[in-house]
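A.B. asks: Since the structure of chain F is provided, determine the placement of chain V on it from the hints.
Residue numbers (the numbering used here), protein chains in the order written: chain F, 1 to 266; chain V, 1001 to 1217.
If you're looking for bench data, these hints aren't it; they were derived computationally from the structure.
Virtual Cβ for every residue (Gly too), placed ideally from N, Cα, C.
Wrong hints could be hidden among the right ones.
[Said to hold, decoys possible] No more than 20 Å apart at the CA atoms, straight line, and that leaves these computed lysine to any residue pairs for SDA-like:
#1 K1095(V) / L44(F)
#2 K10(F) / H1061(V)
#3 K204(F) / N243(F)
#4 K146(F) / S115(F)
#5 K21(F) / I1072(V)
#6 K128(F) / S115(F)
#7 K141(F) / K128(F)
#8 K1095(V) / T40(F)
#9 K146(F) / N243(F)
#10 K205(F) / L138(F)
#11 K128(F) / A155(F)
#12 K1095(V) / A169(F)
#13 K21(F) / P1063(V)
#14 K1095(V) / R191(F)
#15 K10(F) / P1063(V)
#16 K1095(V) / G265(F)
#17 K1095(V) / P195(F)
#18 K21(F) / R1195(V)
#19 K21(F) / M1058(V)
#20 K1095(V) / N243(F)
#21 K1095(V) / K204(F)
#22 K128(F) / N239(F)
#23 K204(F) / T160(F)
#24 K1095(V) / G183(F)
#25 K21(F) / V1202(V)
#26 K1095(V) / A53(F)
#27 K21(F) / L1057(V)
#28 K10(F) / H1060(V)
#29 K1095(V) / K146(F)
#30 K128(F) / R1067(V)
#31 K1095(V) / A54(F)
#32 K1095(V) / L118(F)
#33 K1095(V) / Y47(F)
#34 K1095(V) / E55(F)
#35 K21(F) / K1095(V)
#36 K1095(V) / D61(F)
#37 K128(F) / L138(F)
[Stated by the list, open to error] Stretch-level coverage of chain F by chain V, calculated; a stretch enters the list once three of its residues show a Cβ under 8 Å from a Cβ in chain V:
#38 5-17
#39 105-113
#40 125-136
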Amino acid sequence: MAELLSPIRKFFARSNDDLVKIIGMAVLVALVSSAAVSVTAVMLRPYQEANRAAERQARIDQMLDTLPGMRDLMMESGVDTLETRLVNLDDGSFASGEDPAGFDLEAALQDPDASVALDAEADIAGIKRRANQSPVYLLQKDGDLKLIVLPVYGAGYQSTIRAALAIEADLTTIAALAIVEQGDTPGFGARIEEPEWLALWPGKKIADETGTVRIELVRGGASTPYEVDGISGATRTSNGITNMLRFWLGDKGFGPFLTRLRQEGL
Amino acid sequence: MSLKHHLISPLIGNNPVTLQILGICSALAVTTTLSTAITMSVALTVVLCLSGGVISLMRHHIPPSIRLIIQITIVASIVIVIDQFMQAFMFEMSKRLSIFVGLIVTNCLVLGRAEAFAMRNPVLPSVLDGLGNGLGYSLILLIVGALREFLGTGGLMGVPLVSTVAEGGWFEPLGLMQLAPSAFFILGLLVWLVRVLRPEQVEQPEFRLKAAEDRRP
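Excised from the complex, chain F in its bound form:
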C-alpha cells in the first residue's frame, strides 16, 4: 500500500512551479470535474426527462385552450384529451396492435430497426435519424376528423426545437402552432414562444392545391397564406422552423400520412 501511495505523495510533494505538477494538476482537476458532472447528469436524467415530458403535455393542452371552440367540441365528444395513434411514416398507415403511450422516441432513434438514417439532402431539419413511427393526436366526433396534431422537431440555432402543429379537418389549414420545447437565444430565437408570434399561425395553409408544401417563414411582411413573418434578428431560428415544417410535412415526414387521409379518410 505504501509503495502504491508513494508516487502519489511524490507527485504532490513536487514544487508548484514544476512542469509535471502543473500538467498533472490540470489533468487531475479536469478528470475529477468531468466525472462529477457526468455522474450527476446521468443520475438526474430520469427526473429531468419526466419534467420535460410533463411540460410537453402541458404545452399541448395549452395549445388546445387557444383554439376557439376546441374545448367545447371535446366536451361534446366526451373526451378530455386527444386520442393518440401511432403512424407508420413510410406508408402513412396507422400502426395497429401497439400501445401509443408506450412509444419511446429516444429508444426508437437508437434502434436501427425502428429508425432510418437520413442522408444530408433529405435531412433539412437537421435531425440525422428519423423514427419509423410517430404518434399523432386526433380529435374526432362521430367518425369525422376535427383536428389533427402532429409532433415535429428540428434543429434551431443552438437547440432542438420541438413543436406541435395542429391542422384543421381540411388537412391544409393550420389551426395553431405550439412550441413545446426550445433553447434558442433568449430575446431573439426564443421569441418563437411568444403568444403574439404564435398568433400569426392560425389560418395559414401548409400546401397549395397541387399538394406542394409551401409553408415558410419570411423576412418582412408575409403576403401569401403560405407565409408567416419570421423573427427579426433570429434568421437561423426562423429558417430552422421552415425546414422543420417542410421536412415533417414532406415525403419523409407525415406527407404519406396526410395524403392517405385526404384520399381515404381515417
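C.D. replies: Chain V in isolation, oriented as in the chain F frame:
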C-alpha cells in the same frame, strides 16, 4: 480576525455588492421578482461555500501559473451540478432563471472570493467567507427584488398586495421597475444609503481637479 468576523463583515460593512461592486450583472437580471431573487441567492450562496471550501482544500497544490483555469473549472463544475439538480427538482424555477444559473460561473463574486480569500486561507474560514459573502449578496438581491416586484407589479411572491389600476384600484404599477435600469437606480440608492450611514466606505478620489491656470495674456 475571528471566524464570526468572516461571516458578519460581508453583510453590510464589506458587502460584496454595495462596497466591492461585484456580481452586479446577475443582480440586475434576476431581481424582477422576489422568488427568482431568492432562488438565485440560494444557488449563489451554495456555489460560493462549495467553491471556497474545495479551492481552499487544495490551495497548496494549485500551481500559480494555472490557478485561474483550475478555479474556473471547479466553479463551473459545481454550477453545472447545481443546475442539473434544479432541472431535476425545481423545473419551473430553472426555466425562469434559464441562462442565469449557468452564468454564476462568470459571476465575478465567485472567482473574486476564490482568488482573494480561499487561495490563502484554511477551509473553515473559506467556507464561512463564502457563506458570508453569499448572504451579503442575497441581502442586496432580496431588497432589490422585493422593491422591484412590489413597485412593478403591486405584489410580492406573485401574491397581489395592493389593488392595481387595472383591477379598479389605486396603484399604478411602475413598468420601469421590471426593466434592468431600475435595478441600477435601486442599487445606486442603496450604495448611497450605506455610505451615508458608514462614511468610512467612501473612497478617496484618485484624482483631484486642479483649478485651471489662467493663461490668457
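A.B. asks: None of the hints should be skipped; say for each whether it holds.
C.D. replies: Structure-based check of each hint:
no.: 1; hint: K1095(V) / L44(F); result: 16 Å, holds
no.: 2; hint: K10(F) / H1061(V); result: 12 Å, holds
no.: 3; hint: K204(F) / N243(F); result: 16 Å, holds
no.: 4; hint: K146(F) / S115(F); result: 30 Å, violated
no.: 5; hint: K21(F) / I1072(V); result: 18 Å, holds
no.: 6; hint: K128(F) / S115(F); result: 10 Å, holds
no.: 7; hint: K141(F) / K128(F); result: 37 Å, violated
no.: 8; hint: K1095(V) / T40(F); result: 19 Å, holds
no.: 9; hint: K146(F) / N243(F); result: 26 Å, violated
no.: 10; hint: K205(F) / L138(F); result: 19 Å, holds
no.: 11; hint: K128(F) / A155(F); result: 10 Å, holds
no.: 12; hint: K1095(V) / A169(F); result: 35 Å, violated
no.: 13; hint: K21(F) / P1063(V); result: 8 Å, holds
no.: 14; hint: K1095(V) / R191(F); result: 15 Å, holds
no.: 15; hint: K10(F) / P1063(V); result: 15 Å, holds
no.: 16; hint: K1095(V) / G265(F); result: 41 Å, violated
no.: 17; hint: K1095(V) / P195(F); result: 17 Å, holds
no.: 18; hint: K21(F) / R1195(V); result: 46 Å, violated
no.: 19; hint: K21(F) / M1058(V); result: 13 Å, holds
no.: 20; hint: K1095(V) / N243(F); result: 26 Å, violated
no.: 21; hint: K1095(V) / K204(F); result: 30 Å, violated
no.: 22; hint: K128(F) / N239(F); result: 17 Å, holds
no.: 23; hint: K204(F) / T160(F); result: 24 Å, violated
no.: 24; hint: K1095(V) / G183(F); result: 10 Å, holds
no.: 25; hint: K21(F) / V1202(V); result: 44 Å, violated
no.: 26; hint: K1095(V) / A53(F); result: 14 Å, holds
no.: 27; hint: K21(F) / L1057(V); result: 17 Å, holds
no.: 28; hint: K10(F) / H1060(V); result: 14 Å, holds
no.: 29; hint: K1095(V) / K146(F); result: 34 Å, violated
no.: 30; hint: K128(F) / R1067(V); result: 41 Å, violated
no.: 31; hint: K1095(V) / A54(F); result: 14 Å, holds
no.: 32; hint: K1095(V) / L118(F); result: 32 Å, violated
no.: 33; hint: K1095(V) / Y47(F); result: 15 Å, holds
no.: 34; hint: K1095(V) / E55(F); result: 11 Å, holds
no.: 35; hint: K21(F) / K1095(V); result: 41 Å, violated
no.: 36; hint: K1095(V) / D61(F); result: 19 Å, holds
no.: 37; hint: K128(F) / L138(F); result: 27 Å, violated
no.: 38; hint: 5-17; result: holds (count 3)
no.: 39; hint: 105-113; result: violated (count 0)
no.: 40; hint: 125-136; result: violated (count 0)
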